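Participant: Those protein sequences? They're chains D and A, same order as listed. The working numbering applies: residue 1 is where the first sequence begins, and numbers increase by one. The working numbering applies: residue 260 is where the second sequence begins, and numbers increase by one.
The hints are simulated quantities; they were obtained by calculation from the structure and are not laboratory data. Predicted model, so just to flag it, every value in this text is computed and none were measured. There could be a bad hint or two in this list.
Ranges between beta-carbon positions, derived for each pair [what the hints assert, rightly or not]:
1) A:P503 <-> D:L242: 31 to 37 Å
2) D:S154 <-> A:K419: 22 to 28 Å
3) D:K164 <-> A:S398: 26 to 32 Å
4) D:M199 <-> A:A402: 51 to 57 Å
5) D:R245 <-> A:F300: 47 to 53 Å
6) D:A124 <-> A:A402: 37 to 43 Å
7) A:S398 <-> D:A124: 52 to 58 Å
8) D:K164 <-> A:S329: 21 to 27 Å
9) A:K301 <-> D:S169: 51 to 57 Å
10) A:Q415 <-> D:M199: 50 to 56 Å
11) D:R110 <-> A:S329: 50 to 56 Å
12) D:K164 <-> A:Q294: 40 to 46 Å
13) A:T406 <-> D:S95: 37 to 43 Å
14) D:S169 <-> A:E509: 41 to 47 Å
Where a beta carbon is used, it is the ideal one built from N, C-alpha and C, also for glycine.
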Amino acid sequence: MKIKSLIFDVLYFIGSIAILLGIWQIITWVTKSEIPGPFKTLLVFGDMLKNPFYDNGPNDKGVGVQLISSIGRVFLGFLFGSLLAIPLGILMGSSKIGMRLINPIVQILRPVSPLAWFPLGLLAFKSAPSATVFVIFITSLWPTLINTAFGVSSIPQDHINVGKAYGFSKYKYITKILLPYALPHIITGLRLSIGVAWMVIVAGEMLSGGLGIGFFVWDSWNGGNLEKILCAILIIGIVGLLLDRAFSSLQNRLSYDKK
Amino acid sequence: MTKSNIAAFVAPNPIASTTSAVTIEKKPTYSIDVQNITVSFKTPKGIYTAIKDISLTVKKGEIVALIGHSGCGKSTLLGTISGMTQPTEGVVIANDKVVKGPGPDRGIVFQNYSLLPWLSVYKNIFEAVDSVLKGKSPSEKKAITETSLKMVNLWQHKDKLPSQLSGGMKQRVAIARAFAINPSILLLDEPFGALDALTKGTMHIELLKLWNLDNRNKTIVMVTHDIEEAIFLSDRVVVMNNGPAATIKEIVDVPLPRPRNKKDIVHDPRYIETHDKLMSLLFDKFSIDDIHMEE
Numbered sequence: 001m002k003i004k005s006l007i008f009d010v011l012y013f014i015g016s017i018a019i020l021l022g023i024w025q026i027i028t029w030v031t032k033s034e035i036p037g038p039f040k041t042l043l044v045f046g047d048m049l050k051n052p053f054y055d056n057g058p059n060d061k062g063v064g065v066q067l068i069s070s071i072g073r074v075f076l077g078f079l080f081g082s083l084l085a086i087p088l089g090i091l092m093g094s095s096k097i098g099m100r101l102i103n104p105i106v107q108i109l110r111p112v113s114p115l116a117w118f119p120l121g122l123l124a125f126k127s128a129p130s131a132t133v134f135v136i137f138i139t140s141l142w143p144t145l146i147n148t149a150f151g152v153s154s155i156p157q158d159h160i161n162v163g164k165a166y167g168f169s170k171y172k173y174i175t176k177i178l179l180p181y182a183l184p185h186i187i188t189g190l191r192l193s194i195g196v197a198w199m200v201i202v203a204g205e206m207l208s209g210g211l212g213i214g215f216f217v218w219d220s221w222n223g224g225n226l227e228k229i230l231c232a233i234l235i236i237g238i239v240g241l242l243l244d245r246a247f248s249s250l251q252n253r254l255s256y257d258k259k
Numbered sequence: 260m261t262k263s264n265i266a267a268f269v270a271p272n273p274i275a276s277t278t279s280a281v282t283i284e285k286k287p288t289y290s291i292d293v294q295n296i297t298v299s300f301k302t303p304k305g306i307y308t309a310i311k312d313i314s315l316t317v318k319k320g321e322i323v324a325l326i327g328h329s330g331c332g333k334s335t336l337l338g339t340i341s342g343m344t345q346p347t348e349g350v351v352i353a354n355d356k357v358v359k360g361p362g363p364d365r366g367i368v369f370q371n372y373s374l375l376p377w378l379s380v381y382k383n384i385f386e387a388v389d390s391v392l393k394g395k396s397p398s399e400k401k402a403i404t405e406t407s408l409k410m411v412n413l414w415q416h417k418d419k420l421p422s423q424l425s426g427g428m429k430q431r432v433a434i435a436r437a438f439a440i441n442p443s444i445l446l447l448d449e450p451f452g453a454l455d456a457l458t459k460g461t462m463h464i465e466l467l468k469l470w471n472l473d474n475r476n477k478t479i480v481m482v483t484h485d486i487e488e489a490i491f492l493s494d495r496v497v498v499m500n501n502g503p504a505a506t507i508k509e510i511v512d513v514p515l516p517r518p519r520n521k522k523d524i525v526h527d528p529r530y531i532e533t534h535d536k537l538m539s540l541l542f543d544k545f546s547i548d549d550i551h552m553e554e
């Protein structure tokens with residue numbers, strides 16, 4: 001029974017990929033091969049994967065080097081963002097005053113396009129890579145902050161009463177009641193944050209230049225290599241999917257009611 | 260001139276009252292002394308008074324049931340004793356101290372068990388013990404947790420999460436948790452309301468067993484809407500009026516000797532008499548004809 005459903009999963013996946021490749025091929029025919037077809041692209045992809053980590057100076061590096069640089073920046077910005085967003089979210093969620101003071105700031109800053117912060121980052125850090133990390137930091141703040149605040153503010157009265165009735169200390173309340181309850185919400189926030197951060201990194205690196213998957217896309221466009229752009233799109237998509245899956249499995253593992 | 264006269268007249272009084280025999284004699288005999296409690300809540304529609312000017316005393320080791328229709332403020336009254344609800348007027352004295360908030364001398368069992376779903380059965384009790392009995396060593400705390408779980412026959416389920424337990428088992432964990440911190444007063448808020456009739460019966464006996472094991476030293480106040488439960492368990496039944504601004508309608512003594520046998524007492528004429536009395540206090544209309552006449 002389990003094997004049967006696994007086979008079906010695989011078949012559906014192959015079907016889905018076939019549809020994607022089919023549409024792609026049609027577009028290639030329609031545009032008279034102005035957009036490279038899947039076969040040609042995959043050949044280039046194979047070439048790129050043969051030696052992804054080559055390094056021929058500042059303007060010619062393998063796609064693996066670019067990718068690792070991007071992932072590093074995303075995680076650095078995401079880490080700083082989460083380190084600020086989670087405590088701030090807990091503060092917002094657990095105190096009415098905190099909520100009323102911080103919420104308006106969040107509401108004003110959240111809709112701002114992350115790229116609008118780029119010049120400020122440049123000004124503050126005097127370096128394009130740091131400015132990119134700063135943009136990721138700003139991007140990953142909001143979903144985590146809002147979800148954490150929501151999680152903390154929705155702790156059921158029953159759970160709060162247990163802490164009151166048995167005189168839990170602040171520390172015990174936070175570690176045994178607040179965090180376990182809010183954790184699934186916090187991880188949902190982190191999952192959304194890393195998703196947005198991964199989207200923003202490409203645009204950020206197009207602005208910053210130098211190194212990274214976003215720069216790689218822009219560089220390939222300037223070099224007139226459309227196959228490479230399509231490969232990069234595939235890589236960006238797959239890495240994004242893997243990041244999302246990683247957080248979703250973390251979510252399943254850490255939520256108490258799923259066990 | 261008049262001022263000084265009054266001062267001279269009033270001055271000796273505080274000394275007299277603190278030394279008077281009445282207050283000293285009165286206090287230690289009561290485990291709980293509810294004095295003229297009024298509880299009002301602010302609502303969008305205005306101020307809602309749940310209970311008004313209620314006074315009640317409970318002796319040490321006594322089991323008292325608060326009974327009334329839903330929304331009559333019986334849980335609110337219990338809340339003022341536990342310290343979860345602050346009275347708008349009046350004071351509650353528990354164990355000779357004015358209640359200002361929840362305290363380890365008063366164990367609470369909530370209606371919906373209130374176990375923390377991410378902690379195992381064992382941890383649920385241990386965290387409460389760890390929080391309340393600060394002076395004990397870790398091994399003593401573990402021993403207390405173990406004893407209380409064995410008391411309710413749940414030791415073999417200690418590693419399960421609450422979601423893996425039945426309703427009756429959850430409530431046994433909640434009761435074990437309340438007993439583990441060894442409070443002198445136990446407050447139960449509709450503890451068996453969510454259980455089926457058979458489990459409920461077993462739980463009544465379990466509760467009395469625990470109370471007996473402790474030499475009937477614990478004072479128990481429980482909220483219920485079940486007349487049979489109130490009679491079987493308690494020494495006195497406090498019948499409350501319907502809210503808003505609910506008051507005590509009448510306090511009915513239960514003249515049944517302990518230990519009580521669930522099967523036998525229902526035939527006891529004193530049981531039947533108490534049951535009838537509570538029924539007529541709780542329900543004004545008995546016959547179905549009344550409903551037809553209203554239509």
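Participant: Hints first: check each against the structure and report whether it holds.
Facilitator: Hints versus structure:
In this structure the supplied range 31 to 37 Å is violated for A:P503 paired with D:L242, their Cβ-Cβ distance being about 59 Å. Taking 22 to 28 Å as the suggested C-beta distance range, the pair D:S154 and A:K419 conforms, at roughly 26 Å. For D:K164 and A:S398, the hinted distance range of 26 to 32 Å is satisfied, since their beta carbons lie about 28 Å from each other. For D:M199 paired with A:A402, a C-beta distance near 55 Å keeps the hint of 51 to 57 Å intact.
Between D:R245 and A:F300 the CB atoms are about 48 Å apart, so this pair conforms to the stated range of 47 to 53 Å. Checking the proposed 37 to 43 Å range against D:A124 and A:A402 shows it is violated: the Cβ atoms sit about 58 Å from each other. The hinted range of 52 to 58 Å is satisfied by A:S398 and D:A124, whose Cβ atoms lie roughly 54 Å apart. For the hinted restraint 21 to 27 Å between D:K164 and A:S329, the CB-CB distance of approximately 24 Å keeps it satisfied.
In this structure the hint that A:K301 and D:S169 lie 51 to 57 Å apart at CB is violated, the actual value being about 30 Å. Between A:Q415 and D:M199 the CB atoms are about 51 Å apart, so this pair conforms to the stated range of 50 to 56 Å. Take D:R110 and A:S329: their Cβ atoms lie about 44 Å apart, and the range 50 to 56 Å is violated. The hint said 40 to 46 Å for the Cβ distance between D:K164 and A:Q294, and at roughly 23 Å that hint is violated.
A beta carbon spacing of about 39 Å between A:T406 and D:S95 agrees with the range 37 to 43 Å that was offered as a hint. In this structure the supplied range 41 to 47 Å holds for D:S169 paired with A:E509, their Cβ-Cβ distance being about 43 Å.
Violated hints, listed in ascending order, are 1, 6, 9, 11 and 12; each of the other numbered hints is respected by the structure.
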